[in-house]
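Protein chains: 2
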Amino acid sequence: MQIRIATRADVPAVLTLLADDQISRDRGFGSGEGPVPEEVDAAVWAAFEAIDADDRNELIVAVDGGEVIGTCQLTFIPGLSRGGAERMLIEAVRIDSGRRGQGLGGELIRWTIERARERGCRMVQLTTDKRRTDAHRFYAALGFEASHEGMKLAL
Amino acid sequence: MQIRIATRADVPAVLTLLADDQISRDRGFGSGEGPVPEEVDAAVWAAFEAIDADDRNELIVAVDGGEVIGTCQLTFIPGLSRGGAERMLIEAVRIDSGRRGQGLGGELIRWTIERARERGCRMVQLTTDKRRTDAHRFYAALGFEASHEGMKLAL
Numbered sequence: 001m002q003i004r005i006a007t008r009a010d011v012p013a014v015l016t017l018l019a020d021d022q023i024s025r026d027r028g029f030g031s032g033e034g035p036v037p038e039e040v041d042a043a044v045w046a047a048f049e050a051i052d053a054d055d056r057n058e059l060i061v062a063v064d065g066g067e068v069i070g071t072c073q074l075t076f077i078p079g080l081s082r083g084g085a086e087r088m089l090i091e092a093v094r095i096d097s098g099r100r101g102q103g104l105g106g107e108l109i110r111w112t113i114e115r116a117r118e119r120g121c122r123m124v125q126l127t128t129d130k131r132r133t134d135a136h137r138f139y140a141a142l143g144f145e146a147s148h149e150g151m152k153l154a155l
Numbered sequence: 001m002q003i004r005i006a007t008r009a010d011v012p013a014v015l016t017l018l019a020d021d022q023i024s025r026d027r028g029f030g031s032g033e034g035p036v037p038e039e040v041d042a043a044v045w046a047a048f049e050a051i052d053a054d055d056r057n058e059l060i061v062a063v064d065g066g067e068v069i070g071t072c073q074l075t076f077i078p079g080l081s082r083g084g085a086e087r088m089l090i091e092a093v094r095i096d097s098g099r100r101g102q103g104l105g106g107e108l109i110r111w112t113i114e115r116a117r118e119r120g121c122r123m124v125q126l127t128t129d130k131r132r133t134d135a136h137r138f139y140a141a142l143g144f145e146a147s148h149e150g151m152k153l154a155l
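Protein chains in written order, with full-length UniProt numbering: chain A, 1 to 155; chain B, 1 to 155.
Quick caveat, the hints were computed from the structure, so don't treat them as lab data.
Please read all numbers here as calculations on a predicted model, not as lab measurements.
Some hints here could point you the wrong way.
Since the list gives no way to pick one copy over another, a pair counts as held whenever it fits inside one copy or between any two copies.
Pairs of lysine to any residue, SDA-like flavour, derived with a Cα cap of 25 Å [what the hints assert, rightly or not]: (1) 130 / 152; (2) 130 / 96; (3) 130 / 65; (4) 130 / 43; (5) 130 / 99; (6) 152 / 56; (7) 152 / 76; (8) 152 / 98; (9) 130 / 42; (10) 130 / 103; (11) 130 / 63.
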């Protein structure tokens, strides 16, 4: 499995992964029901270009046999705490529903943690829906502590 | 109370607010025990300059009678979900310990939510330590839902 920064050509596959999730659909986090149309919204392309042009945002894909089977987004956040070190936020983690349980998610997240270390981040953080109890165990096994409440306000 | 983007001159006061918090000190989030030295580390200045130069990061201060009595940091994160809309992350929220219980925190957070709306964000999110039960009630009263686990990994 290759893990790398996404290119424009990966965007439709990433959108398919983001949409392939019931909790996200329920919360309106995904792209709606059914397959993602071939035609990607201009606003979504603009978001991809914004991520691609920003040194503090990275859209990541995991590719196996030429197919995008996992994704996440990394944001590196400067801050005054911890001696001015960045923290890394992980968002929008998905593994293809047909490829789960094979350790690919662990490989992806460990890769991102290594990326944070290389960049000198002092903290990695993410939020995960309270209903995803399997995800909580998954992240705890990778060393994450469920120390905080993750609070959201949809606008 | 005036709420605005911080300038260089506000940085020592912001560091004092960040350090004035027992949970943060316990976790190593703050700047250590005791008063913040007048001399700010070069790395912390560099972090301030990084925030100041970045369109997607804003260090905010609340000022009353010429004194910085509150702070938070906003990060606007582009993403492919939700039609390509940004989400706003709120970090490092502090109100001067001598000025709590006067509604200033609510005023600060409502100001940031309005800023997110103006920018077209579809989501505002934050994490708050599980021990801060008063903070959970505070954010719930502002409309936030404790829907997620906030997971952290210190590096």
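Margin query: For each hint given before, does the structure comply? Return the numbers of the non-compliant ones in rising order.
Written below: Hints 3, 4, 8, 9, 11 not satisfied by this model.
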